[in-house]
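Protein chains in written order, with the numbering used here: chain A, 5 to 117; chain B, 6 to 117.
Just so you know, these hints were derived from the structure itself, not from any lab. In this text, all values refer to a predicted model and were calculated from it rather than measured experimentally. Do not take every clue at face value.
Said to hold, decoys possible - Ranges of calculated distance between the beta carbons of each label pair, as one might list FRET restraints:
1) A:56 - B:116: 44 to 52 angstroms
2) B:87 - A:7: 15 to 23 angstroms
3) A:117 - B:72: 48 to 56 angstroms
4) B:19 - A:77: 40 to 48 angstroms
5) B:15 - A:88: 22 to 30 angstroms
6) A:63 - B:13: 18 to 26 angstroms
Unchecked claim - Derived lysine-lysine pairs resembling DSBU-like cross-links, with alpha carbons at most 35 angstroms apart:
7) A:18 - A:61
8) A:13 - A:61
9) A:48 - B:75
10) A:61 - A:48
11) B:62 - A:48
12) A:48 - A:13
13) B:64 - A:48
14) A:61 - B:61
15) A:48 - B:61
16) A:61 - B:75
17) A:18 - A:48
18) B:61 - B:75
19) B:75 - B:62
20) B:75 - B:64
21) B:64 - A:13
Using N, Cα and C, we set each Cβ at its ideal position, and we do this for glycine too.
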Amino acid sequence: NAGVTQTPKFRILKIGQSMTLQCAQDMNHNYMYWYRQDPGMGLKLIYYSVGAGITDKGEVPNGYNVSRSTTEDFPLRLELAAPSQTSVYFCASRHGGGSYGYTFGSGTRLTVV
Amino acid sequence: TQLLEQSPQFLSIQEGENLTVYCNSSSVFSSLQWYRQEPGEGPVLLVTVVTGGEVKKLKRLTFQFGDARKDSSLHITAAQPGDTGLYLCAGVGETSGSRLTFGEGTQLTVNP
Numbered sequence: 005n006a007g008v009t010q011t012p013k014f015r016i017l018k019i020g021q022s023m024t025l026q027c028a029q030d031m032n033h034n035y036m037y038w039y040r041q042d043p044g045m046g047l048k049l050i051y052y053s054v055g056a057g058i059t060d061k062g063e064v065p066n067g068y069n070v071s072r073s074t075t076e077d078f079p080l081r082l083e084l085a086a087p088s089q090t091s092v093y094f095c096a097s098r099h100g101g102g103s104y105g106y107t108f109g110s111g112t113r114l115t116v117v
Numbered sequence: 006t007q008l009l010e011q012s013p014q015f016l017s018i019q020e021g022e023n024l025t026v027y028c029n030s031s032s033v034f035s036s037l038q039w040y041r042q043e044p045g046e047g048p049v050l051l052v053t054v055v056t057g058g059e060v061k062k063l064k065r066l067t068f069q070f071g072d073a074r075k076d077s078s079l080h081i082t083a084a085q086p087g088d089t090g091l092y093l094c095a096g097v098g099e100t101s102g103s104r105l106t107f108g109e110g111t112q113l114t115v116n117p
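Work the whole structure out from these sequences, hints included.
Right under this line is the structure:
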């Protein structure tokens, strides 16, 4: 199993550009998440989904959008990129809520210049 | 908002030493997880503790969940360079079962 696959691994954007970060999982997990990780700041939740067609905001959703049309895919859209969105983005999934553990992807390092 | 505070933020020790990392909150969590993250990779789950007072051992790593389910600790015995990484605790709130709250992590460096 591939687990959680994120693409691209690296990207440089200019201010005002848009892009989509891709996330796919092959474990038939219902729950999927997007986090951003800034140096020394831990993981901040951007958006999450508990199943296809259902999404909800996390702690830092401004400037981002998501969709969940299938169980496998959970893309994150950045509109009008800003330097404050420079970060490492992690997608994660898990089978259910409660005490189920997360499986993380290897991350996308985004720089906005 | 439920917060998890980890201490210390940075820890640099010599191979063979013992260490303890702490994860504290004023809130009660229904369960707590520990992850380790290496540079350029996503966090990897080490353990989940569910019951207050629970102790779990994973080779040289010992995890404990506080009796009141507000805190946890990770103890490493005879640390090795391969233990180097960012250790993150994450809690499931009693009313937010669909998502985890992460601490800011403890960066551990074990020098040979």
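Consistency of the hints with the structure:
1. A hinted range of 44 to 52 angstroms for the beta carbons of residue 56 of chain A and residue 116 of chain B is consistent with their spacing of about 48 angstroms.
2. A C-beta distance of roughly 22 angstroms is found between residue 87 of chain B and residue 7 of chain A, which places it inside the suggested range of 15 to 23 angstroms.
3. The supplied range of 48 to 56 angstroms is met by residue 117 of chain A and residue 72 of chain B, whose beta-carbon atoms lie about 50 angstroms from each other.
4. Between residue 19 of chain B and residue 77 of chain A, the C-beta spacing of about 46 angstroms keeps the proposed range 40 to 48 angstroms intact.
5. The beta-carbon spacing between residue 15 of chain B and residue 88 of chain A, approximately 25 angstroms, falls within the hinted interval of 22 to 30 angstroms.
6. At roughly 24 angstroms, the beta carbons of residue 63 of chain A and residue 13 of chain B sit within the given window of 18 to 26 angstroms.
7. Proposed proximity of residue 18 of chain A and residue 61 of chain A is supported: the alpha carbons are some 25 angstroms apart, at most 35 angstroms.
8. Of the supplied pair hints, the one linking residue 13 of chain A and residue 61 of chain A holds, its CA atoms being roughly 24 angstroms apart against a limit of 35 angstroms.
9. Taking the CA atoms of residue 48 of chain A and residue 75 of chain B, the gap is about 20 angstroms. The hint holds against a cut of 35 angstroms.
10. For the suggested pair residue 61 of chain A and residue 48 of chain A, the alpha carbons sit about 11 angstroms apart, so the restraint of at most 35 angstroms is met.
11. For a cut-off of 35 angstroms, the pair hint linking residue 62 of chain B to residue 48 of chain A stands: about 28 angstroms separates their Cα positions.
12. Pair hint residue 48 of chain A plus residue 13 of chain A holds up; C-alpha atoms about 19 angstroms apart against a cutoff of 35 angstroms.
13. Of the pairs offered as hints, the one joining residue 64 of chain B and residue 48 of chain A holds, with about 30 angstroms between alpha carbons and a cut-off of 35 angstroms not exceeded.
14. For the given pair, residue 61 of chain A sits about 33 angstroms from residue 61 of chain B by alpha-carbon distance, which is consistent with the 35 angstroms threshold.
15. A distance of roughly 27 angstroms separates the Cα atoms of residue 48 of chain A and residue 61 of chain B; the hinted pair therefore holds under the 35 angstroms criterion.
16. Between residue 61 of chain A and residue 75 of chain B, the direct Cα distance comes to roughly 25 angstroms. Compliance with the 35 angstroms bound is thereby established for this hinted pair.
17. Annotation: proposed proximity of residue 18 of chain A to residue 48 of chain A holds, straight-line Cα distance about 23 angstroms (limit 35 angstroms).
18. With a CA separation close to 17 angstroms, the supplied pair residue 61 of chain B and residue 75 of chain B stays within the 35 angstroms bound.
19. The suggested pairing of residue 75 of chain B with residue 62 of chain B holds, with an alpha-carbon distance near 20 angstroms, which does not exceed 35 angstroms.
20. A C-alpha spacing of about 25 angstroms is found between residue 75 of chain B and residue 64 of chain B, which places the hinted pair at or below 35 angstroms, so the restraint holds.
21. Restraint check: the Cα-Cα separation between residue 64 of chain B and residue 13 of chain A comes to about 33 angstroms, which is no more than 35 angstroms; the hinted pair holds.
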